[in-house]
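Student: Those sequence lines, one after another, are chains S and Z.
Sequential numbering from 116 applies to the first sequence in this note's numbering.
Sequential numbering from 32 applies to the second sequence in this note's numbering.
Since the hints were derived computationally from the structure, they do not count as laboratory data.
Do not take every clue at face value.
[To be verified] If you anchor each label on the Cβ, the simulated ranges turn out as follows:
1. K285(Z) <-> V269(S): 54 to 60 angstroms
2. G217(Z) <-> D136(S): 47 to 53 angstroms
3. D295(Z) <-> P245(S): 28 to 34 angstroms
4. R198(S) <-> A36(Z): 43 to 49 angstroms
5. M116(S) <-> K133(Z): 52 to 58 angstroms
6. Y197(Z) <-> R270(S): 45 to 51 angstroms
7. S252(Z) <-> G229(S): 52 to 58 angstroms
8. L168(Z) <-> K281(S): 30 to 36 angstroms
9. R158(S) <-> A36(Z): 55 to 61 angstroms
10. A36(Z) <-> N263(S): 32 to 38 angstroms
11. S91(Z) <-> T135(S): 44 to 50 angstroms
12. G217(Z) <-> N246(S): 45 to 51 angstroms
Positions of the beta carbon are idealized from the N, C-alpha and C atoms, including for glycine.
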Amino acid sequence: MKSESLREAYGDELARLGETDRDVVVLDADLSSSTKTAIFGKRFPDRFFNMGISEQSMVLTAAGLALSGKKVFASTFAVFLSRTYEQIRQSICYNNINVKFVVTHAGITVGEDGATHQIVEDVGIMSGLPNMKVIVPVDSIETRSVINYLYENVRTPSYTRLTREKFPVLNDGDYNFILGKATTMRDGNDVAIIANGAMVSFSLQAAMELKTKGIDARVINMSSVKPIDRDAIIKAARETGHIITAEEHSIYNGLGSRVAEVVTQEYPVYVHRIGMNDTFGKSGSAWELFDYFHMGVSNIVHASESIFREEKKNANIS
Amino acid sequence: MNNVALSVDELREISKKARLHIIEMVYGAKSGHPGGSLSIIDVLTVLYFREMHVDPVNPSDPGRDLFVLSKGHASPALYSILSLKGYFPEDLLTGFRKISSKLEGHVHYGVPGVEASTGSLGQGMGVGVGMALASKLDDKKNWIYVVIGDGEIEEGSIWESFMAGYKYRLNNLIVILDRNMIQLDGFTEDIMPMMEIKNKVESFGWNVLEIDGHNYDEIISAIEKAKKSKEYPTLIIARTVKGKGVSYMENNPKYHGSPPESEDLYLKALKEIREN
Chain S
116 MKSESLREAY
126 GDELARLGET
136 DRDVVVLDAD
146 LSSSTKTAIF
156 GKRFPDRFFN
166 MGISEQSMVL
176 TAAGLALSGK
186 KVFASTFAVF
196 LSRTYEQIRQ
206 SICYNNINVK
216 FVVTHAGITV
226 GEDGATHQIV
236 EDVGIMSGLP
246 NMKVIVPVDS
256 IETRSVINYL
266 YENVRTPSYT
276 RLTREKFPVL
286 NDGDYNFILG
296 KATTMRDGND
306 VAIIANGAMV
316 SFSLQAAMEL
326 KTKGIDARVI
336 NMSSVKPIDR
346 DAIIKAARET
356 GHIITAEEHS
366 IYNGLGSRVA
376 EVVTQEYPVY
386 VHRIGMNDTF
396 GKSGSAWELF
406 DYFHMGVSNI
416 VHASESIFRE
426 EKKNANIS
Chain Z
32 MNNVALSVDE
42 LREISKKARL
52 HIIEMVYGAK
62 SGHPGGSLSI
72 IDVLTVLYFR
82 EMHVDPVNPS
92 DPGRDLFVLS
102 KGHASPALYS
112 ILSLKGYFPE
122 DLLTGFRKIS
132 SKLEGHVHYG
142 VPGVEASTGS
152 LGQGMGVGVG
162 MALASKLDDK
172 KNWIYVVIGD
182 GEIEEGSIWE
192 SFMAGYKYRL
202 NNLIVILDRN
212 MIQLDGFTED
222 IMPMMEIKNK
232 VESFGWNVLE
242 IDGHNYDEII
252 SAIEKAKKSK
262 EYPTLIIART
272 VKGKGVSYME
282 NNPKYHGSPP
292 ESEDLYLKAL
302 KEIREN
């Protein structure tokens, strides 16, 4: 399966939007060659603002541009945007304006850079903000679709979380992202694995292994964390009775927590969450780290098998 | 939309009405920030009744001048000026900080005439930078005004915005500093010394002017001078008196965030303002 960069897809799409709409403006904070906003910056230097290593200034300037009617994209690494939580709260979300944050280098897949750069709390931070939408795309195709969807349909704040690493391309070219709608990547009625980002391809691999053990796993790509697809979650709970969540993020306040909220309200079944368990990351290669933190394919297989066989007490042991 | 050039006496009368509203609002709400509202009200009067091209009948005119009160706790000053200008009836001011009203404790975007929500310090100035950039992109000839507080400049984000204002040559941006020397916990130079702000900001590449922030002629001429800048943004340091116009509030940190404590003090404040 081929892999493609999500951030390069973002940079390309941004430049394409810039061709047709002069109101599209882009800000970055000295990371444009990494976030790929530099593609836009080179083509439209008068509408690209490199604010330097001044994330607060970037967010506030984005607010002013949006209040004056611009369609604003602002990018940096996920971990650095998190320092501007309060600027985002007051000046973006409270004003409820058209600023699209698209961050890169989120999660443990920044690998060797280590814990300082591996933010696994950001989905929780951003989801807590009124008016904010939070999206974790699964591949380059979904990234392109998300950017276009947000451009066409959303005039209020959003947070799109991308990564440094290339991810396997799982969607077809005609895929269309819809905010608040999940995609069923694989059908199955024994257990439902609700994942996003990097964890979707691991979940699909896990589902293939589970099949050999006689377990039919449904795999759902829940890229839209907020709003979340309640119907898909309730349906999965009702039809499978066993839910696993998998995210490259803390199991606190991320996808797993959101899914559990819906399940406990609407159709209580056992939910096992896979992700970072209240811990910082560490240096290592991106793909080694998933196993290190018990988030690899074998962990998904083991947890699915355990809860399917109602051996819930074993679900945590890999 | 152009303002008739009001005389200094007429401006003084408007400030007086606004000062009375400020006291009524914080006394009515039993909370709020009179000190920094009274220190900046003369500047706001000049902006809204002499300098700014704004039209309460057409509040979203794309060519209008824009104002951001970065020190958003001085909401009583802005709300009273906006009502006197005609954005909404003056009797709505009594709703300040009350559940039935849009007049949030700190400046709220949903209030007619307000261009951005503010209240957490250090943010409105960066918002003004973004507005000034947008105006340049659209070749607009409007002016972007921002008022910041002198305690507020302890926020690092303010200095990020000074850097950005220079980099992008935002000569359409005029920032006015309410230099009243007092913040919530006491005197600015005790809490966190800022010393010679003029030198600091000049070294960031800005034009800097210093004036008496209660002298209408000086406020007017400083703004006119700022508008002549060919390249760089301007900071006007307005030396002011916190609590200006109410003797027991003047230069008293206590009244940064407290209303008159008794009806006697309330009436005394109104009397002093009326007789000034």
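Student: Please list, smallest to largest, the hint numbers that this structure does not respect.
Tutor: Per hint list: 1, 3, 6, 9, 10, 11 and 12 violated.
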